[in-house]
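Student: The chain contents come next:
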Amino acid sequence: MTTWEGLLYGIGFALQPAVLIYCVIGVVLGTFVGVLPGIGAMAAISLLLPITYYITPEAALIMLAGVYYGAQYGGSVASILMRLPGTPQSAVTSLDGYPLARQGRAGVALFTAMASSFAGSMIGIAVLVTLAGWLSHAATAFGAADYAAMMILGLVAASTIGSSSPAKGFAMVVLGLLLGCVGTDVNSGVQRFTFGRTELLDGINLVALAMGLFGVAEVIANVRDPDRQGVTGKIGGRQLLPRRDDLKRLPGPMLRGSALGSFFGALPGTGSTLSSFLAYALERRVSRRPERFGEGAIEGVSAPESANNAAAISAFVPTLTLGIPGDPIMALMLGALVIHGVQPGPMMLEARPEMFWGLVASFGIGNLLLLVLNLPLIGIWVAMLRIPFRWLYPAILIFLCLGVYSVRGLSFDILAVAAIGLAGYLLALARFSPALLLLGFVLGPLIETNLRRALLIGRGDPMIFLDRPIAAGFVLATVGLLALSLVQAWRRRRAR
Amino acid sequence: MHRDWPDILGGLALAAIGAAAAGWALAQYDIGTLRRMGPGFFPAVLGGLLTVLGLVVALPALRRRSDAPGIEPLAALAVLAAILVFGLGLFRIGLVAATAAAVLVASLAAPRPGWGWRLALAAAIALLTVLVFGLGLRMSLPLWPRLP
Numbered sequence: 001m002t003t004w005e006g007l008l009y010g011i012g013f014a015l016q017p018a019v020l021i022y023c024v025i026g027v028v029l030g031t032f033v034g035v036l037p038g039i040g041a042m043a044a045i046s047l048l049l050p051i052t053y054y055i056t057p058e059a060a061l062i063m064l065a066g067v068y069y070g071a072q073y074g075g076s077v078a079s080i081l082m083r084l085p086g087t088p089q090s091a092v093t094s095l096d097g098y099p100l101a102r103q104g105r106a107g108v109a110l111f112t113a114m115a116s117s118f119a120g121s122m123i124g125i126a127v128l129v130t131l132a133g134w135l136s137h138a139a140t141a142f143g144a145a146d147y148a149a150m151m152i153l154g155l156v157a158a159s160t161i162g163s164s165s166p167a168k169g170f171a172m173v174v175l176g177l178l179l180g181c182v183g184t185d186v187n188s189g190v191q192r193f194t195f196g197r198t199e200l201l202d203g204i205n206l207v208a209l210a211m212g213l214f215g216v217a218e219v220i221a222n223v224r225d226p227d228r229q230g231v232t233g234k235i236g237g238r239q240l241l242p243r244r245d246d247l248k249r250l251p252g253p254m255l256r257g258s259a260l261g262s263f264f265g266a267l268p269g270t271g272s273t274l275s276s277f278l279a280y281a282l283e284r285r286v287s288r289r290p291e292r293f294g295e296g297a298i299e300g301v302s303a304p305e306s307a308n309n310a311a312a313i314s315a316f317v318p319t320l321t322l323g324i325p326g327d328p329i330m331a332l333m334l335g336a337l338v339i340h341g342v343q344p345g346p347m348m349l350e351a352r353p354e355m356f357w358g359l360v361a362s363f364g365i366g367n368l369l370l371l372v373l374n375l376p377l378i379g380i381w382v383a384m385l386r387i388p389f390r391w392l393y394p395a396i397l398i399f400l401c402l403g404v405y406s407v408r409g410l411s412f413d414i415l416a417v418a419a420i421g422l423a424g425y426l427l428a429l430a431r432f433s434p435a436l437l438l439l440g441f442v443l444g445p446l447i448e449t450n451l452r453r454a455l456l457i458g459r460g461d462p463m464i465f466l467d468r469p470i471a472a473g474f475v476l477a478t479v480g481l482l483a484l485s486l487v488q489a490w491r492r493r494r495a496r
Numbered sequence: 001m002h003r004d005w006p007d008i009l010g011g012l013a014l015a016a017i018g019a020a021a022a023g024w025a026l027a028q029y030d031i032g033t034l035r036r037m038g039p040g041f042f043p044a045v046l047g048g049l050l051t052v053l054g055l056v057v058a059l060p061a062l063r064r065r066s067d068a069p070g071i072e073p074l075a076a077l078a079v080l081a082a083i084l085v086f087g088l089g090l091f092r093i094g095l096v097a098a099t100a101a102a103v104l105v106a107s108l109a110a111p112r113p114g115w116g117w118r119l120a121l122a123a124a125i126a127l128l129t130v131l132v133f134g135l136g137l138r139m140s141l142p143l144w145p146r147l148p
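So the sequence lines, in the order shown, correspond to chains A and B. Using full-length UniProt numbering, count along the first sequence one by one with no gaps and you end on 496. Using full-length UniProt numbering, count along the second sequence one by one with no gaps and you end on 148.
By construction, these hints were calculated from the structure, which means they are not laboratory data. Ideal placement from N, C-alpha and C gives every residue a C-beta, glycine not left out. Be a bit skeptical, because a hint or two may be false.
[Stated by the list, open to error] Cβ-to-Cβ under 10 angstroms is the rule here; a few derived chain A residues that face chain B: (1) THR140; (2) ALA171; (3) MET172; (4) ARG408; (5) TRP490.
Kindly generate the complete structure, drawing on both the sequences and the hints.
Tutor: What follows is the structure, encoded as structure tokens:
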């Protein structure tokens, strides 16, 4: 199938009413949950994951992707109007979005966010389509050693790049890997760390883990916050329209942001957070009047929004073609696919074209829907932001418990959420990243299997990781990253 | 300014978990060889690594100062207790009562006095839950307490 045939096929698939409806539901629910204060894409996906058990894997993936970019957009609304970012990447948007809103230009900031997200996702789709075909072809040459080395590179990159404390990041990744060992060992059938509980034979429930770490911990962190006053006044209609000089300033940041985002999104371990920070910094550097940034520069909203949406989509490249999630959100997506009995990998493009091309097309359709739906719905989101959190969080908790329960029908999992939630809250307090834990948890079994297979093939000689050129490249990059972060730590110590 | 307790305690806790996991794996599971790894190999290596990393986080923090994080014991307690009430109650007192009880417990942490809004909220969420999960998604859950 050529790219164009694939795209046409995908559009046909995604426009079927039975599929399109889930795209709409995903986008709307994702925006709805993303607007809720303090709740980011991660929590939104885990909260809505159980709904997808009732539908086909293709529709489920399309719906979850809709939830993902819907939640990202909802997060931007919350951070522009209330400076209540649910995620680090929307924190960047609030740097200039909130000042704009304070100046009475909230509508323009929202429009810029919408238009930039759309531009970013379109460019992301182009990158995804180009890279995926090439990469899934190249990936047929990958052996177990290459996979293991690549995943380890991804974990090292995720915990060092853009992290204030690589040691804490690594510790979380390793804890995640360790938690991934719980359950029956695939190779030997031995039950590891189950302590006689039959509920743990299949390992720790991914949904319980994600909901505990993100949903419960975020609810606890927000419960006591007093009702916050955001930007008030009517938003919608005319106020959304930008002035002509605003429009003239948009294409540059959109293109630069999208380019940065699609590059970093496709790399393992980095992703949307890093790319929105970088896009913001780049825009400030190329601007002729950098002093306007932080005071309500429209470029400061446009660039990070294009970047994180482009990254959100190009992050699907390694997830779908190699079966290796590049960031924690993709890890959750991959987990969701595995629950549906689909194991992404190099063969997926050939074996399940409807899933791949349907998803690609749904990205375009979903983002168009986001643009179309949000023009009329923006008033609802603004009204939602004014609902006191004390009315919302008990309902969030109940839905979360029932969502976890629905996965396997075990009330053990609800109790597990409480325990994981406590751990997640303490981790967040001590500034350990729960997202890295989840990434380690999902990659753990994949790494172990490939590592064991590679060493079996290599007759126990670790040199197999250096003999194969692909694996050697990843090992070299990993060592380079580690050396770099050690040098940085040493410099920081000397500077003090 | 206080000592950097989050890093000290967090690092030590991780080191303890790592050491326990490594010890358990070494004692209970077959380690195997590098060529044919047993089920204990990977967890033992990870446990050792976590122990080292926990100490790397904790030890330098002993000589460092930092702001104490704003801990919310009441919020944490109410939210976690609500989940436990719901999880334990679901099959004993039924969906409606478990939901209402959990909402009441969770709302204890909200920074607003009074019982009127709490009771109204519990009733509203119980109704919503029955509509969405009981009638909408048709999950097979007992709605009411089982009669003796």
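Student: Run every hint past the structure and note whether it holds.
Tutor: Tested hints:
The interface hint given for A:THR140 is violated, since its Cβ lies 26 angstroms from the closest Cβ of chain B, which is over the 10 angstroms cut-off. A least Cβ separation of about 4 angstroms between A:ALA171 and chain B falls short of the 10 angstroms threshold, and the interface hint therefore holds. Given hint, A:MET172 at the interface with chain B, holds; its Cβ is 9 angstroms from that chain's nearest Cβ, closer than 10 angstroms. Here the hint on A:ARG408 is broken, as its CB sits about 13 angstroms from the closest CB of chain B, past 10 angstroms.
Given hint, A:TRP490 at the interface with chain B, is violated; its Cβ is 12 angstroms from that chain's nearest Cβ, farther than 10 angstroms.
Violated hints, listed in ascending order, are 1, 4 and 5; each of the other numbered hints is respected by the structure.
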